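Trainee: Assemble the whole structure, with the sequences as input and the hints as a guide.
The listed protein sequences correspond, in order, to chains A and B. Residue numbering for the first sequence follows numbering that gives the first Met the number 0, starting at 0 and increasing by one per position. Residue numbering for the second sequence follows numbering that gives the first Met the number 0, starting at 0 and increasing by one per position.
Hints were generated in silico from the structure; no laboratory data involved. Keep in mind that this is a model prediction, so the values were computed, not measured. Worth double-checking, as some hints may not be accurate.
No farther apart than 30 Å at their CA atoms in a straight line, the calculated lysine-lysine pairs in the DSS-like style are these [what the hints assert, rightly or not]:
no., chain 1, residue 1, chain 2, residue 2
1, A, K37, B, K61
2, A, K91, A, K37
3, A, K27, A, K2
4, A, K37, B, K133
5, A, K91, A, K142
6, B, K61, B, K100
Simulated restraints on C-beta separations [said to hold, decoys possible]:
no., chain 1, residue 1, chain 2, residue 2, range
7, A, G190, B, R140, 51 to 59 Å
8, B, E258, A, S96, 54 to 62 Å
9, A, A75, B, G213, 52 to 60 Å
10, B, L348, A, R131, 52 to 60 Å
11, B, R140, A, R44, 27 to 35 Å
Every residue, glycine too, gets a C-beta built ideally from N, C-alpha and C.
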Amino acid sequence: MIKVGIVGAGHVAEGQHLPVLAGMPDVKLMWICDVDRKRASTLARLHQIAEVQQEIANCSDVDIALVAIPVGYRQAVMDQILDRRWHAFVEKPFAISCAEHDRILERAVQRNVEVGVGFQRRLYEGTRLAQRIVEKSLFGPVKRIWATEGFSLGSQTPGAAPWSIERAVAGGGVMIETSCHLIDQVFTICGVVDFELDRCELSYCQEIDFEGKTTGELRLADSGRCQFNIGVSWWGDLYNAVVLEFATIQLRVSIYPDDAWITDGDRNLIARLGSPGASGRIRLTVGRAFSQAVYAEWRAFIEQCGSRRPSSVAAAAARPTTRFIEECYRRQPPPAAQQTFPKGAA
Amino acid sequence: MRVAITGAGGRVGTHLARRLASNPHGHEIVALCRNFLAARNLTESGCSVRFGSIADPSIAPKLLEGCDVVVHCARASESMGRRDSHNLAMIQNIVRASSVKTLIFVSSVAVYGNCIESGIDTNEKPGPVDAYGKDKLRCEREAMREFSAQGRRPIILRMGHVYGAFQIWSGQILNLARDPNFRLPFSGRLLSNAISIERVCDAVTALLDAPASGIYNLTDEPQRTWSDVFAWHTKSCGLPAVSPLEDSESFRIRRNFLEAKRSSLGKFRREITAAVRTAAIQIANSNPMIKDLGSALVARAPGAVQSTIVRRYRRALIEHINVGQPDMAWEPWLGWLFSDPAPGPYLHLPATMSIDADRESEMQRELSRWFTRWATPDGIWRN
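Mentor: Okay, here's the thing in structure tokens:
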């Protein structure tokens with residue numbers, strides 16, 4: 000039985016991880032730890048978790064700790080988790096900077112524990128299909144990549160919680176919170192080993208970026224190169240897909256758990272791709288639905304902890320994503336002047 | 000009057016706050032937003048902004064201080080289990096604000112369910128089917144009860160499907176229009192419950208000047224057919240017109256939506272009947288001897304009986320065939336395309352408030368600009 004502890008009783012733990020973990024027969028949820036005891040107790044009651052704590056130091060030993068707290072609060076928590084030799088499965092974004100990313104991984108190596116990151120789009124069936132197509136060069140070399148993701152801020156989106164507008168806690172805005180998923184998905188599909196950022200335009204509201212447009216070049220595992228355009232926005236809806244342009248066709252991969260589509264030059268749908276035998280069956284190693292992807296990432300990480308071999312959710316593979324976002328913020332940091340609001344602002 | 004708009008950072012609230020602030024008719028407009036990020040589109044609107052959540056009883060009094068009217072567009076941001084209680088808490092906190100004399104609650108036709116059936120679904124006894132509709136109805140009842148009991152003025156606006164730039168329904172309509180499998184039910188002849196965002200703003204403006212208590216449906220006037228609504232979108236964005244779905248298929252799908260709304264026992268009875276009928280057809284079709292025997296018997300029956308048997312057999316056969324994998328998945332929210340108009344009183348606006356050609360054109364241009372941003376991968380770089 001694998002013992003799992005939950006750090007952070009927010010909506011990510013509640014809505015994404017707990018429903019999946021509670022249903023895994025070889026997982027035992029040992030405790031839930033949050034500074035808000037009431038919130039933690041509510042979740043504990045819902046999922047029959049015996050122990051509720053407000054400090055890691057008081058938590059009983061587990062095999063794996065899920066870290067689902069804002070990135071700005073994590074340093075001390077991660078140190079405690081790793082020092083207690085618990086494996087750590089960390090929600091995205093993994094780290095604010097490459098220095099922090101490296102520090103966590105180094106400490107994990109010293110303590111002989113595994114670290115994973117919750118980039119569940121790596122487990123989406125569409126992502127996996129596209130990855131295989133690019134790997135095997137089935138449509139030839141990738142010429143260009145377009146990747147955009149955007150939505151209007153609403154009650155359930157990033158930017159709603161009070162901590163999400165404090166840069167020191169959230170680490171930033173749309174680039175670190177939303178684009179990390181998209182960038183990691185692009186890098187996973189294409190097997191990116193390096194990148195060159197040509198242009199980066201961030202739009203800020205006070206210290207929080209709410210829109211970002213980046214262009215540049217990716218260096219791929221097969222030594223190929225291709226141009227990229229990656230854009231994210233909290234201002235409004237965008238195309239919400241990754242589009243890979245080949246010589247004569249395009250491959251469209253959704254940001255949601257879904258199949259991949261082949262389209263022609265005018266973006267007319269030619270064919271939808273799905274794994275053979277996929278219809279009507281739940282596939283447990285890749286995700287055709289969001290909760291399936293969360294299940295698959297937990298299975299992958301548990302396997303990583305057992306075999307000590309990197310899995311598809313290994314944190315080390317997320318370093319290029321961390322570097323990309325760090326570079327964007329370095330190029331265009333938040334403006335010094337504060338944006339003012341008309342009278343009445345509280 | 001000081002008019003507070005809750006949810007002023009949302010899709011409807013932002014548009015409403017900017018419109019009212021640009022032409023306040025002597026009122027002071029106060030936008031209530033969760034935080035500065037939610038309010039980023041209001042910086043040059045001319046309205047004052049207050050930050051915080053009116054679901055929080057410790058902050059709500061300060062947010063609503065001195066406000067005479069509240070236009071309540073906000074919805075809670077907590078996870079599902081707590082969302083409903085937070086929505087109710089917002090109503091209760093507005094009730095507690097003694098300065099507020101009029102509440103205009105932005106509700107939804109979702110309180111009637113996802114496919115209205117005339118004569119069954121009524122204004123007084125709506126039957127929501129999903130959590131959203133049920134929550135809206137609960138909040139309506141709380142608002143009506145509390146405000147009426149205190150001699151204050153509650154106005155419930157059951158809004159139809161709001162369309163226009165940045166509105167969810169417009170995104171869904173445009174995506175349907177681009178789906179090669181989509182066909183417009185009943186050739187789009189049915190009256191929609193759709194309403195343009197501009198008309199929502201007109202309605203609120205009218206109510207500020209002449210408030211009238213009660214529960215009203217709010218749609219375009221005259222009500223547009225779905226054909227009109229889809230055509231408005233496709234023409235604005237340069238898309239081809241949508242193809243029609245024939246009536247027989249439309250009726251069949253509408254029956255499914257209506258049956259899904261009915262009581263469990265009735266639904267169970269209907270499912271058993273359908274299963275038995277389908278099984279009989281399957282047996283007959285799979286066994287040549289039974290089929291031949293059946294044909295021989297029908298051939299010997301009187302003419303009228305023959306016609307009835309053949310007609311019922313054909314209908315059962317069509318239903319059986321259509322049970323297979325559909326080309327188009329008719330998800331629950333699409334029930335609105337098969338729906339009757341919302342029942343009960345509608346809010347009518349003065350004729351002077353009808354949307355003229357210039358405003359109509361501007362709405363279409365805004366829609367087109369918004370569509371360009373998300374319809375193609377390079378949209379954000381073009382717009």
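Trainee: Hey, B/K61 versus B/K100, does the alpha-carbon distance stay inside 30 Å?
Mentor: holds (16 Å)
Trainee: Measuring from beta carbon to beta carbon, are B/L348 and A/R131 in 52 to 60 Å?
Mentor: holds (57 Å)
Trainee: Is the distance from the Cβ of B/R140 to the Cβ of A/R44 consistent with 27 to 35 Å?
Mentor: Roughly 29 Å apart at Cβ, these two residues keep to the hinted range, so it holds.
Trainee: Quick check: does the Cβ-Cβ distance between A/G190 and B/R140 fall within 51 to 59 Å?
Mentor: At 57 Å between Cβs, range holds.
Trainee: Between the beta carbons of B/E258 and A/S96, is the distance compatible with 54 to 62 Å?
Mentor: holds (57 Å)
Trainee: Take a quick look at whether A/K37 and B/K133 sit within 30 Å of each other, Cα to Cα.
Mentor: holds (27 Å)
Trainee: Take a quick look at whether A/K91 and A/K37 sit within 30 Å of each other, Cα to Cα.
Mentor: holds (25 Å)
Trainee: Given the hint that A/K91 pairs with A/K142, does the C-alpha gap stay at or below 30 Å?
Mentor: holds (29 Å)
Trainee: Verify the CB-CB distance for A/A75 and B/G213 against the hinted window 52 to 60 Å.
Mentor: With a Cβ separation near 57 Å, A/A75 and B/G213 satisfy 52 to 60 Å, so the hint holds.
Trainee: Between A/K27 and A/K2, is the straight-line Cα distance small enough, at 30 Å or below?
Mentor: This hinted pair holds, its Cα atoms lying about 5 Å apart.
Trainee: Check the hint pairing A/K37 with B/K61 against an upper bound of 30 Å on the C-alpha distance.
Mentor: holds (26 Å)
This entry satisfies every hint, going by the numbered hints stated previously.
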